[in-house]
Amino acid sequence: MAYMYGTMNGVEPLLYRNIAKPVFFKLDPEKAHHLVIGGMAKATKVPGALAMMRGMYGVKADPALTTSLFGLSFHSPIGLAAGLDKNAEAVRGFSSIGFGFMEVGTVTPKGQPGNEKPRMFRLPPDEALINRMGFNNEGTEAMRERLKAIKDRPIPVWVNIGKNKATPNEKAHEDYLKCIQTMYNVADLFVVNISSPNTPDLRNLQHGDELKVLLSLVVDEMNRQNAAHGQNKSILVKIAPDVSDSELESMTETIVQSGVSGIIATNTTLSRMGATHVHRLENGGLSGKPLTERSTEVVSQIYRMTKGTIPIVGSGGVFTAEDAYRKIRAGASLVEIYTGLIYKGPGINRELASGLKRLMKQDGFKHISEAIGADHR
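Per numbering that gives the first Met the number 0, residue 0 is the first one in the sequence shown, and the count goes up by one each step.
The hints are simulated quantities; they were obtained by calculation from the structure and are not laboratory data.
Treat the hints loosely; a few may be bogus.
[Stated by the list, open to error] Straight-line alpha carbon distances no greater than 25 Å define the calculated PhoX-like cross-link-like pairs of lysine-lysine that follow: (1) 41 - 20; (2) 343 - 20; (3) 30 - 20; (4) 41 - 25; (5) 30 - 360; (6) 116 - 20; (7) 150 - 41; (8) 25 - 211; (9) 41 - 343; (10) 30 - 109; (11) 59 - 150; (12) 59 - 306; (13) 306 - 343.
[As the list claims (entries may be wrong)] Label-pair restraints from in silico Cβ distances: (14) 72 - 362: 23 to 29 Å; (15) 59 - 151: 34 to 40 Å; (16) 362 - 207: 38 to 44 Å; (17) 30 - 150: 29 to 35 Å; (18) 321 - 225: 36 to 42 Å.
Remember, predicted model here, so these are calculated numbers, not experimental data.
We treat Cβ as the ideally placed atom computed from N, Cα and C, and that holds for glycine.
Modelling step: build the complete structure from the supplied sequences, incorporating the hints.
Structural data, given as structure tokens:
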């Protein structure tokens, strides 16, 4: 296995870029998505497959990158963002390719088909994706049974929760509470998704009294569940990048006061700044390189507003170790990727881990925690 680790470390990116990626990119994006998820799920049932995947793509635990947060341990600060494994079908597979944690979902109380197809688009010259999926998922019951069946969960699994499309905003809290109640025993952490641009009026829940009331009810439910089970699980809020400075300040203040444990910054953007491909004209949320700078800016603003008192998970446009490191220096304690994985392949986690250690060393840091918020000191 050590031999495989050494030889494949340099070869794998070439294999993905020159062979696998061209094949996947000839397929419809959503079909390719399902092919990857299905393949990962089936592969893990083959004897020896997980060990082979760890040997090819796994990241060896390094004390310099190992961290604890939200009552959980992470062997790497790099996690998989929500949206890829919507129904928790390939948790063991993704756990084997170097992630320190992963989000599953977004899941809603009842299964729903999502928006009409086509609803996912690649923008190759921009290294971006646009999606208007609309929280397509099988529902909390199906996800709960899948997660319950995983006995050897090697990394923390976060459950990203949302409301059903048919649920009006004034009753949205009922959906979020149902998700928590149904999924509590199988989730390591919850993420409240109120920032997807693909569910009508969902982003209105990010502002004013709607945000205050929703978070109050959600936190109360988490406290009840924690007390009933003798645990202390955390809940985070995922926010949009498409907000003004004053809106962000108001949102952040409300989130901090609510007792929520942390913020994920950010979800996809409605902006098309930096996008050149014809698919930029499609409706939906854009992810990838055009979002890199804005998402990092939001991380920095939140850290500055809160003086680093609330943990931030940076998400949006991470393709290189430099991208991840800039988010960490801006104030992120952990970083998530999605589109970078699609464009660069499963070898990206090794690149990020080795690159982070190199950048830390250049700055004289011995542990990744020393780099968090360094730009503000």
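Hint-by-hint comparison with the structure:
| no. | hint | verdict |
| --- | --- | --- |
| 1 | 41 - 20 | holds, 20 Å |
| 2 | 343 - 20 | holds, 8 Å |
| 3 | 30 - 20 | holds, 14 Å |
| 4 | 41 - 25 | holds, 22 Å |
| 5 | 30 - 360 | violated, 41 Å |
| 6 | 116 - 20 | holds, 22 Å |
| 7 | 150 - 41 | holds, 17 Å |
| 8 | 25 - 211 | violated, 45 Å |
| 9 | 41 - 343 | holds, 22 Å |
| 10 | 30 - 109 | holds, 23 Å |
| 11 | 59 - 150 | holds, 22 Å |
| 12 | 59 - 306 | violated, 33 Å |
| 13 | 306 - 343 | violated, 34 Å |
| 14 | 72 - 362: 23 to 29 Å | holds, 24 Å |
| 15 | 59 - 151: 34 to 40 Å | violated, 19 Å |
| 16 | 362 - 207: 38 to 44 Å | holds, 40 Å |
| 17 | 30 - 150: 29 to 35 Å | holds, 31 Å |
| 18 | 321 - 225: 36 to 42 Å | holds, 38 Å |
Consistency with the previously given hints fails for numbers 5, 8, 12, 13, 15, ordered from lowest to highest.
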